[in-house]
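Visitor: As a plain string of letters, each chain reads:
Protein chains: 2
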Amino acid sequence: MADKFVSERNIRFLLYEVFDASSLLKYPRYADHSREAFDMILETALKLGRDLFKPTLREMDKNQPEFVDGQVKVHPKVKEIMQICGAGGWISATAPAELGGQQLPVILGFVPMFIFSAANYAGSVYPYLTAGAAHLIYSFGTAELINAYIPRMYAGDWQGTMALTEPQAGSSLSDITTLAEPGDQGHYRIRGQKIFISTGDHDGVQNVVHLLLARIAGAPAGVKGISLFVVPKMRPDDNGALVFNDVHVAGIYRKMGYRGAPITQLSFGENNDCRGYLVGQPNRGLSHMFQLMNEARIAVGIAAAGIASAAYYAALEYTQQRPQGRPLTARDPLSPQVPIIEHHDVKRMLLFQRAVVEGSLSLLMQCGKYIDLEKVLEGKEKEKYNLLLEILTPVAKSYPAEMVILAVSQALQCLGGYGYCDEFPLEQLYRDARIHPIHEGTTGIQGLDLLGRKVPMKNGEAAMLLIQEIEKTIALAKEETQLQPYARELEEATDKLNKVTTHLVSLAMQGKVDLFLADSTLYLEFFGIITIGWQWLLQALAAEKALKKNPTGTDINFYQGKLYTFRYFFQYELPKIESLAKSLLASNQITVEMKKDFF
Amino acid sequence: MADKFVSERNIRFLLYEVFDASSLLKYPRYADHSREAFDMILETALKLGRDLFKPTLREMDKNQPEFVDGQVKVHPKVKEIMQICGAGGWISATAPAELGGQQLPVILGFVPMFIFSAANYAGSVYPYLTAGAAHLIYSFGTAELINAYIPRMYAGDWQGTMALTEPQAGSSLSDITTLAEPGDQGHYRIRGQKIFISTGDHDGVQNVVHLLLARIAGAPAGVKGISLFVVPKMRPDDNGALVFNDVHVAGIYRKMGYRGAPITQLSFGENNDCRGYLVGQPNRGLSHMFQLMNEARIAVGIAAAGIASAAYYAALEYTQQRPQGRPLTARDPLSPQVPIIEHHDVKRMLLFQRAVVEGSLSLLMQCGKYIDLEKVLEGKEKEKYNLLLEILTPVAKSYPAEMVILAVSQALQCLGGYGYCDEFPLEQLYRDARIHPIHEGTTGIQGLDLLGRKVPMKNGEAAMLLIQEIEKTIALAKEETQLQPYARELEEATDKLNKVTTHLVSLAMQGKVDLFLADSTLYLEFFGIITIGWQWLLQALAAEKALKKNPTGTDINFYQGKLYTFRYFFQYELPKIESLAKSLLASNQITVEMKKDFF
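Read top to bottom, the protein sequences are chains Z and L.
Residue numbering for the first sequence follows the numbering used here, beginning at 3 and increasing consecutively.
Residue numbering for the second sequence follows the numbering used here, beginning at 3 and increasing consecutively.
Just chain Z, same shape as in the assembly:
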């Protein structure tokens, strides 16, 4: 199996050369850190990826969680992962120091997340779901809740989850029916079913803490009647002892991939003794939950980029070693065969994978930096970064989530028949990757979010701010002779984005809501390609800058490879917007008019 699963060189390039993470050190929030501390985090994360996560990638797939006697049993490594990620401060990496967190910039927090999910995605979700759930508690919960839950979660002793989906309420969260009846001791009695709950129960921790959406008795119908609760599997009693909280596991799913993590069906309050503790304001639960959902969406993007990275390096190693065939211009059968990486078509497949991995990771780090700037700035500037993040979140989730499928498929293809067999990791990565366009809001939901909510929000201000950011990059690229043609390409693409967006929004203004949103998934794809084109131009600028400083050794190859991959993106991927623009501008009525009886 390939040793390499991420490029340390590329992470450093993005962190320091593209996004200048060190510039965050000037803000008081991050002043206790240093470039050396950042480097150490990267190195330690790589070591954990290699030694803790990666060795059980295959084992956790082959030995799935089992549901035995009402409890979920997982691979013993899970307990070790939680304990080490607790003790090492990985769960609390970006949390405030006063809660025992490392108070790291989020862009740095994304580094271990990317590395761990590239090494073993299923393994990585245990600590990161816990981190997200804890963040929600300390953002909206009472001091009592924070004190009772956060320390145990950050220690890796208690698992956090997000419990949203119900049998009748998946994409349509407004249909949640889990009931919360007010009790007399400040808590609520919870009753209902939740399904598809990741890490919803397992024996790698002492307790499971569900961040659960439910409806307080008498609340309005729809999303305006949903509240957020902490519902632990075991509740701490007045003496701090853990008492069973009437949370039952009804079963787990047998999945195609992502098998190392149990996805559970849960039943709350079968004996009318399930206590839930309100987090934040009543009936504002969905709005609170969106903090976690947005984080989870970006985490999906990171995980997808991670899996694509692992697949890319496995394919790269194979193509460097496997001799087969000869160059098109030297086909003498008596000459030795060449490694398949010499074939243009194989190079094209590898460039595609690298373009997806590094383009996605760049966008995700860009989001991380915006989150950090939003945290440390105030007023108009704070709002600017918040809006940029709002509009980029559906893209940062979906572009990697959709593209990882194609990228891993091409990686698998590089291995031919061996890619299809379980001697190599590609077939597992192919199965694991397929979850990403589904969970944390399907691609269709992201498309509706982007076009139906984010683009029109605040009179289009988020979209305008993004275009300004892209234009800044274009202006810089125009100053570099080598990059001018690409700057112009991206400028034309941005014009096309404006044109298509104006066309679609005009449909909405005419009241043609169906037609406005019918192709929102394609709009998301179109928008995503242009956004990644912007990230590639940013990276090309940094690579050109670095080459001017006369780098040596493998650095030259790195920057050259970066520029070839950039050119690949602009010449093979960016043109895909032509076809999408044609379909989107046509606004044909096909899917609106097609009747279900015609199928």
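Keep in mind the hints are simulated off the structure, nothing from the lab.
A hint or two may mislead.
Pairs involving identical chains hold if they fit within one copy or between any two copies, as the list cannot separate such chains.
Stated by the list, open to error - Derived lysine to any residue pairs resembling SDA-like cross-links, with alpha carbons at most 20 Å apart: (1) LYS28 - LYS584; (2) LYS584 - GLY462; (3) LYS474 - ARG286; (4) LYS498 - ARG328; (5) LYS498 - GLU580; (6) LYS386 - THR475; (7) LYS598 - GLU344; (8) LYS551 - GLU19; (9) LYS384 - ASP424; (10) LYS514 - ASP334; (11) LYS460 - GLN512.
Given the structure of chain Z, go ahead and fit chain L onto it with the hints provided.
Guide: For chain L alone, kept in the frame of chain Z given last:
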């Protein structure tokens, strides 16, 4: 699990309304058949698909073949499949009557192949690999070989295989090293290793017959020194008894999908007692084998379309039944949820799947008809259909093989989280489908075949003939008011095909062979979309014609659905050629110049 896995109505539409299969009855070769006989074949095949193949789809996946004591054990259903397909004449469906075959037109032979692979792809390969191997024996073998092998293969007692790949010779067949040393009794002694041999050994039959490529001692290097042999696992001795022929199973592969069929590693002649019987002329083996490889490539296209069909109908059933969400224009949370097929984005995903399934099947039936016409015609006409088939074969393999991955992925997406779980068949179909771009020549190999061999062959005559066929369809469509805009779209697409082809061929003429073929995989994709566009226009013509006859009942819905799917293809899929043409015409040097050290 969904009951429906193919559309009988659509098969009838293609057979009779688009391709007029009954018109073949006028040729002496097919004169003993009738429309009623054709109908009965379709009905019986549907019954077998439903009752014989489909019920074990999941079981054969869950209980993979095992390699025990040197022998491969498969699901007991395999023996039943082989016996029933033997007794029912399905293995010999298109073989000449004098060999005990049914002498069916090939276009009819494709019908059960499509149905069986939609029902259970792994189950279907046992009879069809046998049919292909037998065809090779009777095309090039001696009467003695024919008599010794064909009857047992057609009875389903003996399995046929194609044994090409070796550890060092996969895509590069010129590197085959398996040795054939002439013996003194008219046979050869075979020694060598073969890998990735489908159904290379199993206990569902009494014997396995390998159609094997080897090099006669002293033969020239490369493809001009490869010969074709029949190498049975058990050879019939002079008394007709079966004697072990020194063919050993070294192992089987653990695969991601397509698990019902064993893929074997074989070792021939370990004890210097493996006899091979020459088929056809020495050193012409690869040319002979191409008959079987071309058949196998089209069979892959059919199987891919079959899996896409099964996935489509499973998704369709789910989307009709699953309530979730509300129309964009009626979002009152107190109103009941609607079946998700009402959502435009879901309709778009379903239309995409249907466009792939029915577009692919149409092209495959088109190929079947060309094969039939080639068989019954003579001279210039025979050559015409042969050339059309030559140029269409890589497309008929690769378009379905690549698109089934995307189509099944969209089907799985229609089920959300359930699509990822094994309660529904989608996750298996997703795994099964992934083999198709790999086996029988990868997509990259098909691209090289199309652009490097088929387009330039006979001074471009095959390509010219195909363009003429497409132009005939365009001319007919121009006579129909409703179809005129689409006819013009396809005309423009054909112009673009000519332009891109001329550009690429000019590179070859300038001696820029690397650049000429660097993007041949993209050229294949580009060519494929236009070809499927042609097939959709053909289908639209037939649907418009039928609607003029005032059909009733469900037929109206069928034709309307056909026309919506046709429009979907032209407005969402055909525009993809814009982006591809842009990349292909750019002929950038990226993949030619990219150095392996830059990765």
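Visitor: Have a look at LYS514 and ASP334 and pick one of within, between, both or neither, based on CA distance no larger than 20 Å.
Guide: between (64 Å within a copy, 18 Å between copies)
Visitor: Given a CA cutoff of 20 Å, do LYS551 and GLU19 count as a within-copy pair, a between-copy pair, both, or neither?
Guide: So LYS551 and GLU19 pass the 20 Å test inside one copy only (13 Å; across, 69 Å).
Visitor: Within a copy, between copies, both or neither: where do LYS460 and GLN512 come within 20 Å Cα-Cα?
Guide: Classified as within: same-chain Cα gap 19 Å, cross-chain 57 Å, threshold 20 Å.
Visitor: When no copy is named, should LYS498 and GLU580 be tagged within, between, both, or neither for a Cα gap of at most 20 Å?
Guide: For LYS498 and GLU580, the Cα distance is within 20 Å both inside one copy (9 Å) and across copies (15 Å).
Visitor: With 20 Å as the alpha-carbon cut-off, assign the pair LYS384 and ASP424 to within, between, both or neither.
Guide: This pair counts as neither: shortest intra-copy Cα distance 48 Å, inter-copy 46 Å.
Visitor: How would you classify LYS474 and ARG286 at a CA-CA limit of 20 Å: within, between, both, or neither?
Guide: neither (38 Å within a copy, 63 Å between copies)
Visitor: Tell me, please, which holds for LYS498 and ARG328 at an alpha-carbon limit of 20 Å: within, between, both or neither?
Guide: Neither, since 42 Å and 32 Å both go past 20 Å.
Visitor: Could you place LYS386 and THR475 in one of the four classes (within, between, both, neither) given a Cα distance threshold of 20 Å?
Guide: Cα proximity of LYS386 and THR475: one copy only (17 Å, versus 55 Å across).
Visitor: What label fits LYS598 with GLU344 when the C-alpha limit is 20 Å: within, between, both, or neither?
Guide: between (50 Å within a copy, 7 Å between copies)
Visitor: Using 20 Å as the alpha-carbon threshold, which applies to LYS28 and LYS584: within, between, both, or neither?
Guide: Neither. Shortest intra-copy (46 Å) and inter-copy (46 Å) distances fail the 20 Å Cα cut-off.
Visitor: Please sort LYS584 with GLY462 into within, between, both or neither, judging by C-alpha distance up to 20 Å.
Guide: Classified as neither: same-chain Cα gap 23 Å, cross-chain 32 Å, threshold 20 Å.
The structure fails hints 1, 2, 3, 4, 9 (numbered hints given earlier, in ascending order).
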